[in-house]
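Student: Make the full structure from the sequences, and use the hints.
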Amino acid sequence: MVKQLLVITGATGSGKTTVSHYLKTAFQIPQVVTHTTRPRRHNEVDGVDYYFETPTTLAQKHLIESVTYSGYQYGSSYEALDLAWQKAPLISLVVDTQGAQTYLEVFPKIVSVLFLTVSESQSLITRLEKRKDRPEAIQKRITSAEFKRDLILPPTLNQQATVLRNDDWESTKQALAALIATFRN
Numbered sequence: 001m002v003k004q005l006l007v008i009t010g011a012t013g014s015g016k017t018t019v020s021h022y023l024k025t026a027f028q029i030p031q032v033v034t035h036t037t038r039p040r041r042h043n044e045v046d047g048v049d050y051y052f053e054t055p056t057t058l059a060q061k062h063l064i065e066s067v068t069y070s071g072y073q074y075g076s077s078y079e080a081l082d083l084a085w086q087k088a089p090l091i092s093l094v095v096d097t098q099g100a101q102t103y104l105e106v107f108p109k110i111v112s113v114l115f116l117t118v119s120e121s122q123s124l125i126t127r128l129e130k131r132k133d134r135p136e137a138i139q140k141r142i143t144s145a146e147f148k149r150d151l152i153l154p155p156t157l158n159q160q161a162t163v164l165r166n167d168d169w170e171s172t173k174q175a176l177a178a179l180i181a182t183f184r185n
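Quick note: the sequence shown uses my numbering, first residue 1, plus one each step.
Note that these hints are calculated values from the structure, not bench results. Quick caveat: nothing in here was measured; it's all calculated off a predicted structure. We put the CB at the ideal spot given by N, CA and C, even for glycine. Hints are supplied without guarantee of correctness; some may be wrong.
[Unchecked claim] Simulated restraints on C-beta separations:
id : residue 1 : residue 2 : range
1  : Lys173    : Phe107    : 38 to 46 Å
2  : Glu136    : Gln86     : 36 to 44 Å
3  : Leu83     : Thr54     : 14 to 22 Å
[To be verified] When the alpha-carbon atoms are kept at most 27 Å apart in a straight line, the in silico BS3-like pairs for lysine-lysine are as follows:
id : residue 1 : residue 2
4  : Lys173    : Lys130
5  : Lys87     : Lys109
6  : Lys130    : Lys140
7  : Lys173    : Lys140
8  : Lys109    : Lys130
Tutor: Next up, the structure:
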């Protein structure tokens, strides 16, 4: 079977990780585990949610893309892609919009981009609060240039991305089912 990669992108709080976890549970689509130097959140597990790295250990990875976001480094590696493809031919990856653009450049024939958005950007802040991010971390994220960049679909992804408004979880799940059906047909 042909390898495929669904790259999930959008602003922080738009539901990227939630969507990726849902795809894994509902459709058996493994998520590529990415790397970060940010501290672990209370409910996160190393090697499951992220590979939690130091700047030194991250520099030793074979990264496809990397970005600094709110003062922390994030990146995805060839090794992590290969591990996910060993589980299934269709896998998902959560990255920012800059990372999505990189993946389209590196793997143009096998990448599909899913851009998540919401109707009201204030709801993104509410979601960050619900996941128990620290108030100072939320403030740092929502004032960052990266957050502002990821609120809108970049022009380079306009013709390449499926845009999904993630305001209502039941509607989002229906749209995801329709999207996954296109991959499997």
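Student: For every hint, state whether the structure bears it out.
Tutor: Here's how the hints hold up against the structure:
no.	hint	in the structure
1	Lys173 to Phe107: 38 to 46 Å	violated, 27 Å
2	Glu136 to Gln86: 36 to 44 Å	holds, 39 Å
3	Leu83 to Thr54: 14 to 22 Å	holds, 21 Å
4	Lys173 to Lys130	holds, 20 Å
5	Lys87 to Lys109	holds, 20 Å
6	Lys130 to Lys140	holds, 16 Å
7	Lys173 to Lys140	violated, 30 Å
8	Lys109 to Lys130	violated, 37 Å
Going down the numbered hints, you'll see the structure goes against 1, 7 and 8, while the others check out.
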